[in-house]
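Asker: Chains G and R supply the protein sequences, listed in that same order.
407 is the number of the first residue of the first sequence in my numbering; add one for each residue after it.
287 is the number of the first residue of the second sequence in my numbering; add one for each residue after it.
Everything hinted at is true.
Ranges of calculated distance between the beta carbons of each label pair, as one might list FRET restraints: (1) 413(R) x 634(G): 19 to 25 Å; (2) 609(G) x 289(R): 56 to 62 Å; (3) 508(G) x 344(R): 30 to 36 Å; (4) 464(R) x 634(G): 36 to 42 Å; (5) 635(G) x 344(R): 34 to 40 Å; (6) 509(G) x 347(R): 33 to 39 Å; (7) 499(G) x 452(R): 54 to 60 Å; (8) 413(R) x 500(G): 47 to 53 Å; (9) 609(G) x 345(R): 52 to 58 Å; (10) 345(R) x 635(G): 39 to 45 Å.
In silico DSS-like pairs for lysine-lysine, Cα to Cα no more than 30 Å straight-line: (11) 562(G) x 533(G); (12) 306(R) x 289(R); (13) 369(R) x 351(R); (14) 369(R) x 306(R); (15) 552(G) x 459(G); (16) 675(G) x 418(R); (17) 369(R) x 502(G); (18) 516(G) x 597(G); (19) 418(R) x 658(G).
Source of the hints: derived by calculation from the structure; they are not laboratory data.
Where is the CB? At the ideal position from N, CA and C, for every residue including glycine.
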Amino acid sequence: MKERISVDNNEKNMISSRSASRGVAQAVEASDRVRCLTGIDGLDNILNGGIPKGNTTLVTGTCGTGKTSLGLEFILHGAEEEEVGIFITATETSEKLMESMIPYDFFRPKLLKEGKVEFLSLHELYKTAGISGPEIDSKGAASLIKAVVAAVKKRKAKRLVMDSVTSVCARLSTEDRIREFITGLSHALAKEGCTAILISEVPAGSDIYSPYGVEEAVVDGVVLLGNLERRGDLLRTLQVVKMRGATHSRAKYVLDLTSCGVLLAPLLKGGG
Amino acid sequence: MGKLQEMPPASAIALQMGAKHYFDAVRALLDVFAPRKHLHSIYVTATIPSKSIISALEVLDVDLKRTHFVDCVSSMMMGFSEKDEGAVYVESPTMLENILLKVEFLIRKLDGADSVVIIDSINSLAIHNSLKILSEFLHILINHLRSRNAYTVIFAMEEYTTEEVENILSLVCDETVNFTG
Ligand SMILES: Nc1ncnc2c1ncn2[C@@H]1O[C@H](COP(=O)(O)OP(=O)(O)OP(=O)(O)O)[C@@H](O)[C@H]1O
Ligand SMILES: [Mg+2]
Numbered sequence: 407m408k409e410r411i412s413v414d415n416n417e418k419n420m421i422s423s424r425s426a427s428r429g430v431a432q433a434v435e436a437s438d439r440v441r442c443l444t445g446i447d448g449l450d451n452i453l454n455g456g457i458p459k460g461n462t463t464l465v466t467g468t469c470g471t472g473k474t475s476l477g478l479e480f481i482l483h484g485a486e487e488e489e490v491g492i493f494i495t496a497t498e499t500s501e502k503l504m505e506s507m508i509p510y511d512f513f514r515p516k517l518l519k520e521g522k523v524e525f526l527s528l529h530e531l532y533k534t535a536g537i538s539g540p541e542i543d544s545k546g547a548a549s550l551i552k553a554v555v556a557a558v559k560k561r562k563a564k565r566l567v568m569d570s571v572t573s574v575c576a577r578l579s580t581e582d583r584i585r586e587f588i589t590g591l592s593h594a595l596a597k598e599g600c601t602a603i604l605i606s607e608v609p610a611g612s613d614i615y616s617p618y619g620v621e622e623a624v625v626d627g628v629v630l631l632g633n634l635e636r637r638g639d640l641l642r643t644l645q646v647v648k649m650r651g652a653t654h655s656r657a658k659y660v661l662d663l664t665s666c667g668v669l670l671a672p673l674l675k676g677g678g
Numbered sequence: 287m288g289k290l291q292e293m294p295p296a297s298a299i300a301l302q303m304g305a306k307h308y309f310d311a312v313r314a315l316l317d318v319f320a321p322r323k324h325l326h327s328i329y330v331t332a333t334i335p336s337k338s339i340i341s342a343l344e345v346l347d348v349d350l351k352r353t354h355f356v357d358c359v360s361s362m363m364m365g366f367s368e369k370d371e372g373a374v375y376v377e378s379p380t381m382l383e384n385i386l387l388k389v390e391f392l393i394r395k396l397d398g399a400d401s402v403v404i405i406d407s408i409n410s411l412a413i414h415n416s417l418k419i420l421s422e423f424l425h426i427l428i429n430h431l432r433s434r435n436a437y438t439v440i441f442a443m444e445e446y447t448t449e450e451v452e453n454i455l456s457l458v459c460d461e462t463v464n465f466t467g
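Go ahead and model the full structure; you've got the sequences and the hints to work with.
Answerer: The structure is reproduced here in structure tokens:
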């Protein structure tokens, strides 16, 4: 219907709004740790200038709450800023994930062509690490960390997403191994200056942060995605539960998944 | 209308009118105020479906190329069948946060172009929301739009405006303008 709104003129807006949040980041850097701007303005504002560089953050929520979308956007915005990002996928194929990037206004095919965005299947990493059986022992976990870090080093990646870490945890079977794996991975990635998002899947209806209860304790940050029912309306929400090295709001925000990426608005309280 | 034209960007204005002047007011905003100031209009309707407004204005030959609708009534009234691709939809006028998000979405799509956001109307929103949450919503919306240098125009229908609604308007708006045709 008529011209109304064209989709392709968004580049300037994204840049201008992002240089605004960069100003925030610089102010923070002076007294605080260097930040990794997620490029999601609302989230960077909640974090007062992005995720502290090298942090490993658990992005957790029940199915369909936007975890994969948030991870893809984090990688894409990094690529725009010349930071190589690796997206490790357990279930969805890289073709499917690439396709889901295309509708974003800020998507540029050259980011893929230039190798700024790299998809790796978890299955391939298991093979590289010599993991074959359904269970991963301590040795296997150490090899898996090595395989991930090798991929990061090879591409000089500054961002990494693992979608999901829950599928690895399921094969590690014990809490000790899970703790060891996540701690080992996050330390190794921090050493490479790589900021990571580990996606955690929790069953519907639960109010836990992770299925094994260990994950949230050992990571640097926890971002909780969820649904909120308010008098019959269902709202998508986002809440930063913790973030080491940053002062942040712990309030709930309402989230929308759009072709401009994740948008956030404060949850209205209405005095009740 | 003269008083409205004089308001500087980033102002928040309550536009008070009798029901009989409703379409004249809509037309004056979209066909006179916005074009003169080279503004895009983001029209948030909680009163009648965007389709009905569009049809009525097309009959009056109003150019709607630079008008973008946030429709908060159609989904509630008739589900998903009567949708227009020129509008974005909010499921219900009680989802005030989603109105904030859709307005922000359209502003981003406008790529920094100057705009006016029209809320039609505070009375319709007051039917579905408590006055507390409504004033919180307007406060956040107006502050956000000010930071983006956009105008906010809030419709208030004389017939339905209670003292409480008037209080909210005088609290959040810079000016009340009476539209008399
Ligand atoms: N850019 C977008 N615009 C509109 N809707 C979107 C967008 N991105 C995702 N969605 C919708 O949101 C839903 C959830 O997105 P997403 O796949 O990111 O969630 P998830 O938490 O990873 O889900 P799962 O638990 O299945 O892995 C999708 O079903 C999709 O329809
Ligand atoms: Mg997913």
